[in-house]
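Fit chain B with the ligands to the supplied structure of chain A, relying on the hints for placement.
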Amino acid sequence: MLKDITLGQYFPGNTLAHRLDPRTKLMMVVLYIVALFCAKGFLSYGLMALFLLLCVRISKVGFRALVRGMKPLILILIFTAVLNMFYTPGRAIASFWVFTLTVEGVWAAVFMVIRIALLIMGTFLMTYTTSPIALTDAIENLLGPLKRLRVPVHELAMMMSIALRFIPTLIEEADKIMSAQKARGADFETGNLLRRAKAMAPVLVPLFISAFRRADELATAMECRCYHGGEGRTKLHVLRYQKRDLFCLVTMALVMIGAVILGSLGY
Amino acid sequence: MEPILTVENLTHTYSAGTPFERSAIRGIDFAVGPGEFVGVIGHTGSGKSTFIQHLNGLLKPTAGRVCFRGQDIWTSPRITHETRFHVGLVFQYPEYQLFEETVYQDVAFGPKNMGLAQEEIDRRVREAAGFVGLREEWLDKSPFELSGGQKRRVAIAGVLAMEPEVLILDEPTAGLDPAGCESILAELRQYHRAKGNTVLLVSHSMEEVACHAGRIVVLDNARIVMDGTPREVFSRAKELEAIGLGVPEITRVAMRLHEAGLAVDPATYTLEALRTQLLSLRGGRGPC
Ligand SMILES: Nc1ncnc2c1ncn2[C@@H]1O[C@H](COP(=O)(O)OP(=O)(O)OP(=O)(O)O)[C@@H](O)[C@H]1O
Ligand SMILES: [Mg+2]
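Chains as they are written, first to last, in the numbering used here: chain A, 1 to 267; chain B, 268 to 555.
Bound conformation, chain A alone (with noise of 0.2 Å):
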């Protein structure tokens, strides 16, 4: 059960979606969900599915991989299409109780989980593509004007790399434990609520142990190599934009472009 958590899951590859400069790929993020909120109707949603549908095919990733991580996320987009349907006001079809269900409201809840599931399609595909430490570079390397503002950006970017790295590890750790606790005939899958819960002390307990011991040793292995934060500090890898960085953000753009014109026009 916990090996359907893919948020954050790298998978490698030589793809023109993999070589992207991370930095591209986060500010083509950011375009691709700001024209996702200025799309209207089916032909700016098309758009955007349609670039989609090539990122996807250029990244090699496939579908499959696409739409199982969106399996968690199912019962948010359920929740936000029912909400849409019965509470958006118009011209209603059918009516009970205290809820009336309209045509603009279906008509809502169909564009609604279109953009949830793009927005989340076009996020995965960015870190699929993407190492997380690549991701988190690209990250420090945008934010790092605030760095003027004397916001701690270096640390924060490793927080998030050290969070990110160490996802798959305790998901793995938590897995290990989980079986070594089946195999003395720990339930997890059956009773209540509350029984499930109890039932999850053995298992958290080592999982919170493993977790202190490794922070404590991460920080002896940092402190050993001399980390003392951001200062001063210089990159193994340095980031430099491509030629091919600039034609897709281009692309991108134009896409966005598009996009919001068709938007404000209401198609």
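Since the hints were made in silico from the structure, they are not lab data. A hint or two may mislead.
With a straight-line Cα cutoff of 25 Å, these simulated DSS-like cross-link-like pairs (lysine-lysine) come out [claimed, not checked]:
1. A:235 / A:147
2. A:243 / A:60
3. A:176 / A:71
4. A:71 / B:408
5. B:379 / B:408
6. A:71 / A:60
7. B:379 / A:176
8. B:379 / A:198
9. B:327 / A:176
10. B:379 / B:462
11. A:147 / A:176
12. B:408 / A:198
Frame of chain A, contents of chain B with the ligands only:
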């Protein structure tokens, strides 16, 4: 003898359908009888841990069957759950799974899940603690106050207390000093002798397995490549070397002596046996 645990054509693929897809074991056939002491050996990544996690239903086979006493363990969830009490599995580095406030409670976790009576749990905890050499006064300590080797003993006792008919240990000696290794292995052998249960010992080390197991299974690259008595396995030294495992030191000495023209069995694997042979070569005159 009727086998207690049988595995037919077992295959397991991790992360099927993603770029990380990987077959950890392929088409394994295996059967073990009551009271056997089997060593499972193979180098890193050969699929040992994957294999043994199928034996008590922690991993579901991608293809193939696992049967305990002739019954498929995946017939129903209840049977899978119960199999775990009959086939006890001690994980690699089991000390990281301790969680209770006291050693006693931690060892009692398994028997409690079996729904046993209080007195029976108490008897089993004390017996299991005795097998792994945990002293009475340690039972009331927190498991986190113990040393690494002591913690591992607690974890092993936690599985022994379920009195499984088949006991599987995944590298129980990993990361211990030689004396610690030897004493854990001696305790296991003692347990095996006293209970007469089936034991599967997974290991990297040929020496370790040679001295204790009556039968050795060699895994390489997701398959079983050898299965036989230590003598049979060690007489195929060339093949063992080819898959990067090698033979025990003693066997290497015996092989060299054999090559040098002495009438020594090249598949000798214990110090004792080699000594006897060398002494008899000298005409039974005893050491100089
Ligand atoms: N949870 C997992 N997900 C994906 N692949 C895995 C997983 N566990 C193991 N593997 C892969 O399966 C193969 C066999 O692993 P396994 O742990 O069974 O080896 P092993 O023989 O126990 O090795 P070791 O001696 O290092 O413990 C390895 O190549 C490993 O990369
Ligand atoms: Mg292993």
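Report task. State the violated hints by number, sorted upward, taking the hints as numbered earlier in the document. Result -> 4 and 11
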